[in-house]
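Colleague: Note that UniProt numbering has the sequence shown beginning at 1, numbered continuously upward.
Be aware that a few hints might be false.
In silico lysine-lysine, DSSO-like type, Cα no more than 27 Å apart, as pairs [claimed, not checked]:
no., residue 1, residue 2
1, Lys148, Lys182
2, Lys77, Lys61
3, Lys148, Lys41
Think of the hints as simulated: they come from the structure by calculation, not from any bench. In this text, all values refer to a predicted model and were calculated from it rather than measured experimentally.
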Amino acid sequence: MSTYELLYFPMNLGRANITRIMLNSAGATLKSACPAWPAEKENMPYGRLPVLVETKADGSKFTLCESQAIERYIARKYGFLPADLEQSAIAESYVDNIVDSIDLFYKHHYVEKNNASKEAVQEAVKYLISRHEPILAANPSGHYIGNKLSYPDIYLYHLYFMLTETGLTDFINESTAPHMTKLAKSLAALPAVQ
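Make a model of the complete structure from these sequences and hints.
Modeller: As C-alpha cells, then:
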C-alpha cells in the first residue's frame, strides 16, 4: 500500500486542501510537510507547491506537482471520480466550474483585497449557485454524483469553507443555496475533513 507526503504551506485555505481531504477520506497514510520557502523553491518541480510524493509498497517513489493534476490522480485512484468516462467528465466539469469561483476568491483574498474583487467573487458564486443548486436538488442523495462522496463534493466544501472562514458567509448559506450548504456542512462534519 502506498504512503504519501504532501508538501505545501501550513494552511487549509490553499490548493492542497482538496488532496488532503481525499487522502484522509480514503484512509491513506499521509504526512504533511512544509518545505523551507523560498530556500527550497528551486528543488521543487516547476518551482512551486503543492507537491505529492507517493512511496509505493515496493519502495519506488512517484512525484507529482500541480494541484489539479494531483487531485485528479488521487480522485481516480481512490474512487472519487466515477469509473464511467462520461460520468467522470461531468464530475470534472462541475469541479472546473467551481474552480472559477475559487480562483476569484484567491485573487481577492491574497492579492487585491478590495470591494471590486469581493464583488467579482460574489457574482461568480451567484452564477455557480444558479447552475449547481438544481444539480444537487435533482439527486436525492444530496451529492453531485451517485450516493457517495465525490471529487466535486469536496471542491464545493472547499469553496464553502474558504468563504465562511474569511467572513463571506452571505455568499453561500441556507437561504441562498440550501442544497449546496447542506452538502458542505455534511462534509464539514466528517472526521477526514477536520
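Colleague: So, for every hint listed, does it hold in this structure?
Modeller: Evaluated hints:
1. Lys148 <-> Lys182: holds, 14 Å
2. Lys77 <-> Lys61: holds, 16 Å
3. Lys148 <-> Lys41: With a Cα-Cα distance of about 37 Å, the restraint between Lys148 and Lys41 is violated, given a limit of 27 Å.
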